[in-house]
Amino acid sequence: AQSVTQPDIHITVSEGASLELRCNYSYGATPYLFWYVQSPGQGLQLLLKYFSGDTLVQGIKGFEAEFKRSQSSFNLRKPSVHWSDAAEYFCAVGAKAGTALIFGKGTTLSVSS
Amino acid sequence: EPEVTQTPSHQVTQMGQEVILRCVPISNHLYFYWYRQILGQKVEFLVSFYNNEISEKSEIFDDQFSVERPDGSNFTLKIRSTKLEDSAMYFCASSEVQGGEQYFGPGTRLTVT
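Keeping their order, the protein sequence lines are chains Z and W.
Note that our numbering has the first sequence beginning at 438, numbered continuously upward.
Note that our numbering has the second sequence beginning at 83, numbered continuously upward.
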């Protein structure tokens, strides 16, 4: 069965520091992979997606993620975090385009000044 | 920028009552979804809908749940007889084509007392 693991429940980084949020997935074929962000009281906003091709994908707000098939990972990175990045981040996997997304439990990011 | 909207933002109901959660997907999208997030837990898929019929549903989506697209713009989720464990945030999503990313609404917080 498909599953997504986000090992870090809560991460705190200093403003201006780099960030990496981990995501591991379990799926038999090449998955469709997504990162969403949820600010308090808001819906889920898509940061970036991977369907195929270049394994390093760029997203909005300066985020990027790298698909590593050998490690079954799709980690999210940002070189310099801003206070406004404080939110909850969800990794998700889809079996094929347009079908149900399976979400991880999320990682809460806090940014300290 | 087009967005998915949901009403109401918060619904309080008594156990055993019927509730209808409403969503207006992005106008040119053809695939519609409902997800839920119980407080402190991961986002879970409920159902997807295309061409006026359910295309996929999860184990959560039992006979108490139904979906409908009553007109050209609305997409509804009905819970026939609510239980305490139905208390959650319910997200509607839509995608343009099968394969497109899913755009999420802000959610409806359902509280069953």
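Do not take every clue at face value.
Think about it this way: if two alpha-carbon atoms lie no more than 30 Å apart in a straight line, the pair counts; the simulated DSSO-like pairs of lysine-lysine are [said to hold, decoys possible]:
no., chain 1, residue 1, chain 2, residue 2
1, Z, Lys542, W, Lys139
2, W, Lys124, Z, Lys486
3, W, Lys139, W, Lys124
4, W, Lys165, Z, Lys486
5, W, Lys124, W, Lys165
6, W, Lys165, W, Lys139
7, W, Lys165, Z, Lys505
If you are wondering where the hints come from, they were derived from the structure by calculation, not from laboratory data.
A quick note: this is a predicted structure, and the numbers were derived from the prediction, not measured.
Consistency of the hints with the structure:
Between the alpha carbons of Z/Lys542 and W/Lys139 the distance comes to roughly 20 Å, so the proposed pair stays at or under 30 Å and holds. Of the supplied pair hints, the one linking W/Lys124 and Z/Lys486 holds, its CA atoms being roughly 19 Å apart against a limit of 30 Å. For the suggested pair W/Lys139 and W/Lys124, the alpha carbons sit about 17 Å apart, so the restraint of at most 30 Å is met. With a C-alpha separation of about 35 Å, the suggested pairing of W/Lys165 with Z/Lys486 is violated against the 30 Å cut-off.
Only pairs whose Cα atoms come within 30 Å are accepted, and W/Lys124 paired with W/Lys165 is accepted, the gap being roughly 19 Å. For the suggested pair W/Lys165 and W/Lys139, the alpha carbons sit about 19 Å apart, so the restraint of at most 30 Å is met. Only pairs whose Cα atoms come within 30 Å are accepted, and W/Lys165 paired with Z/Lys505 is rejected, the gap being roughly 42 Å.
In this structure, the earlier hints numbered 4, 7 are contradicted, and the remaining ones agree with it.
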